[in-house]
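Q: Protein chains in written order, with this note's numbering: chain A, 1 to 342; chain B, 1 to 283.
These are calculated hints, taken from the structure and not from any lab test. All the given hints hold, so there is nothing to weed out.
Which bits of chain B does chain A cover? Going by a derived footprint, with three or more residues having C-beta under 8 angstroms, they are:
| hint | segment |
| --- | --- |
| 1 | 76 to 88 |
| 2 | 91 to 99 |
| 3 | 102 to 111 |
All values reported here derive from a predicted model rather than from experimental measurement. Think of the CB as a built atom: it goes at the ideal place given N, C-alpha and C, for glycine as much as any other residue.
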Amino acid sequence: MSITPPVTEDLRVEQLAAEASAPWWRRAIKPLLLSAVLLVWAGNVLGEDHAAIGVDAAAVICTVCGLHLLIQWSGQVSLGHMAIVGIGGFATANFAVEQELPLPLALLLGGFSATLATVAIGLPALRIRGFALAITTLAAATAVSAYLFRQDWLAGGSLGILIPETNFFGWDSQEPTDFIVPALIVALIVMFITTKIGQSGVGNALRMVANDDEVAASYGINVGTHRLAAFLFSGFVAGIGGGLMVLDLGRASPEMFPPTESIVFVAAVLMGGAGSIRGSVIAAVALVAVPALLDIGHYEELVGSLALLLAVRFAPGGINGQHEHTMERIASLKAKRQGESK
Amino acid sequence: MGSVISNGLTNGAIYAIVAFGFVLIYRNSGVMNFAHPQIGMIGGFFFFSLWVEQSWPYMLALICGVGLSALISLGTRQLLAPQETNPLNMLLGTLGVGGILTWYALDTWGSTPLFVPSVGSGVVVEFWDMRFRGAALLVIGSLVVVTVGAGLFYRYARTGLALRSVADDPIAATYMGIDVGRMSSLTWAVSGALAGLAGVLVSPFINMDPFFMSLLFLRALTAALLAGMRSLPLTALAGVSIGILEAQLVRETSEPGLTELVLVIVIIAVLLIRPQSLGRRTA
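Work out the full structure: start from the sequences and follow the hints.
A: Put into structure tokens, the structure is as follows:
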């Protein structure tokens with residue numbers, strides 16, 4: 001057990017400040033290159049099975065980014081996001097089949113439909129918070145899947161909705177090796193927008209509201225608007241996630257969106273930890289990909305619950321917490337070495 | 001009308017017994033145990049295995065089922081004890097436990113509904129317009145016994161007094177020499193036993209699959225919230241009212257999921273009108 005010298009904190013801050021003050025094009029090079037490599041690799045190398053996992057992961061990343069903003073930044077826990085994902089999915093299917101809209105437009109409108117549905121959950125959040133809000137969202141999600149998903153006008157009866165159209169900007173939406181490219185692009189865009197919101201004044205305001213809403217209000221931040229906006233954004237991207245799932249499978253039916261699976265998203269966000277979305281995205285990919293790749297059969301359904309329990313009980317800081325811890329250790333080692341060489 | 005009231009009364013009594021578990025734990029430490037329904041479900045299945053498959057005597061199987069539920073509940077509390085001061089973390093942790101229990105039940109007993117024969121089906125009590133069979137009488141009798149028994153225990157027993165003082169002010173209770181952690185463990189065990197009792201008693205009325213208690217969850221939660229998460233007699237009243245209203249609703253319309261919709265509207269309304277009924281210690 002060593003006492004961390006105060007120098008290290010300055011060093012870490014300096015490091016972060018240097019990264020932040022670089023011109024935008026220099027900061028953009030690394031993520032853009034990485035994204036390009038990822039897309040080329042995913043589009044050309046991945047086989048059928050792995051591409052299908054990739055599309056799933058892309059859909060979950062969209063949802064988890066929104067949920068990260070909602071839980072980690074705005075401090076509001078939603079336990080019913082699978083219902084919103086489902087509404088987005090069903091809306092996308094309906095726009096594509098009933099209105100015969102092109103698929104990208106249907107996906108976008110599906111996201112907006114999910115946003116509208118989120119208002120119903122977000123409005124009580126203006127008055128209810130914390131622990132009671134979590135219960136409200138869970139209850140609302142139960143009602144959505146028990147009532148709304150059995151209505152023929154939305155869910156198309158017991159067989160669900162089949163989507164015959166497969167043209168997504170020239171990609172084939174029901175061919176995973178093909179669809180993985182647009183799905184990943186959508187996920188990357190969602191990650192980019194979420195990160196930007198987090199770094200902007202809105203992100204700071206959200207964190208302030210989460211920390212202490214009375215102080216936030218005294219600084220002229222409209223607490224209600226920010227809380228509601230966080231819900232609406234997370235609803236929109238969750239809807240997009242649901243739309244991606246539906247387009248990939250070519251159909252929408254209620255059993256694709258079991259309300260109990262909402263906790264997988266929450267588990268991903270908790271495993272990710274506070275701070276940037278990096279941890280949550282890693283956790284989301286792990287929760288989707290690891291069980292699918294390991295082929296653990298019926299243990300797959302156990303993963304979400306177990307992850308949630310372990311994250312709550314043993315690792316409240318999550319992946320980001322671990323990462324920060326490691327970076328601080330590295331910085332303190334560097335400081336030590338500099339001290340020795342002087 | 002008679003059948004509506006007798007069915008509603010029976011179902012409502014089950015909802016109330018499940019809701020008691022929520023209320024007891026919440027009163028004790030401001031925590032909501034979302035693994036509660038699944039804990040009862042495991043107890044019900046264990047009872048099924050012993051009574052139907054191994055043909056043990058009814059009472060012995062019942063005691064074992066209830067005991068197992070109490071043990072699981074106690075184990076959940078011990079596992080999550082370091083987080084007990086954070087209700088949100090407890091809620092999430094218990095959700096995880098509930099998921100694991102559901103998975104275990106699916107793995108052990110499968111998802112095909114199991115049929116549990118009714119106990120004491122020869123006994124029929126009729127008055128006014130209502131008919132109660134043996135199993136229904138057992139449910140309603142249990143509710144009365146549990147409500148009165150818990151009332152007397154909390155009112156007169158020394159441990160009951162200790163439990164009330166922990167609920168009122170845990171710090172003052174500690175200074176008076178009361179072991180708050182032990183009281184919490186006791187509450188969780190009792191609550192688990194009640195969940196197990198509900199799981200066993202409800203089994204003749206439904207087809208048992210690993211999700212049967214999740215159906216009761218929303219109804220029990222609404223009953224507990226309507227009673228302000230405090231009073232057991234009020235919870236019993238709320239549970240029975242929900243049961244009767246539901247029976248009436250089911251008779252009037254065949255719309256699926258309508259009950260859930262109404263209950264959620266009630267829950268949100270309760271939390272909007274009286275947000276202080278929850279989050280006593282989170283504020």
